[in-house]
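Student: Protein chains in written order, with full-length UniProt numbering: chain A, 1 to 77; chain B, 1 to 145.
What the hints contain is simulated information worked out from the structure, not anything from laboratory work.
Incorrect hints may appear among the rest.
Some but not every residue of chain B turned toward chain A, in silico, with C-beta under 10 Å [said to hold, decoys possible]:
| hint | residue |
| --- | --- |
| 1 | M47 |
| 2 | K51 |
| 3 | I104 |
Where is the CB? At the ideal position from N, CA and C, for every residue including glycine.
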Amino acid sequence: MIEVLFFAGLKEEAGMASMQVDAIGMTVEEMCEKYLVKLNLPSLDKAMTAINEEYAPGSAVLNSGDVVAFIPPVSGG
Amino acid sequence: MPIDSGEVINKVVRPEAGAVSTFIGIAREFTKGKRTLFLEYEAYVPMAEKKLAEIGKEINERWPDAKTAIAHRVGRLDISDIAVVIAVSTPHRADAFEASRYAIERIKEMVPIWKRENWEDGTEWLGDQLEKVAGEPGKESAGSD
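Based on the sequences and whatever the hints tell you, model everything.
Tutor: Okay, structure coming up:
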């Protein structure tokens, strides 16, 4: 399984902080298409992707146990 | 937990250093006339800690003699509470000023921390950085605003 994390405004849109998806072998983009499009997350387009706490492109392929985080535009400081 | 700025500064004081530059970010009440009641910060904590450490490494690539310490708060902050403290020590002052500026600009580009403004008339998650290079936020625009 793959764990998906949501933060900030994206977490509010999703109505949850995390979810599990069966997306081993898919790219991040394919996983979004299959599991996230139907959730209607307007902020997803603006979010960056991190896999296992490192920024990664949408073309990255997911492995078992990966943690995918969608990172809305940051505003720390 | 409030940040003790003295504690952050003490982490970089050492015999080789002749300068410590600190940047302290605090919760602002008025933004273009609009009143903030309080702020809430959220972080992807393990990744944020990694990215803050990376900023320290980036600073050492540019200013090899620098030592950096950064503390960032999460949760609710009232007006004038400290959100972030950056301390950079270097042998000479010019590098300390520059490296301190570099650290806060990089935090605003690539560290997964989010600020929620709680205005008098509503709330809003802030954030407007754009990815310049896939997977490497701000990589080509370090130091820009």
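Student: Work down the list of hints and note, for each, if the structure agrees.
Tutor: Going down the list of hints, with the structure as the test:
1. M47: Where the cut-off is 10 Å and the nearest Cβ of chain A is about 4 Å from M47(B), the hint holds.
2. K51: For K51(B), the interface hint holds, since the closest Cβ of chain A sits about 9 Å away, which is under 10 Å.
3. I104: 6 Å, holds
In summary, this structure violates none of the numbered hints.
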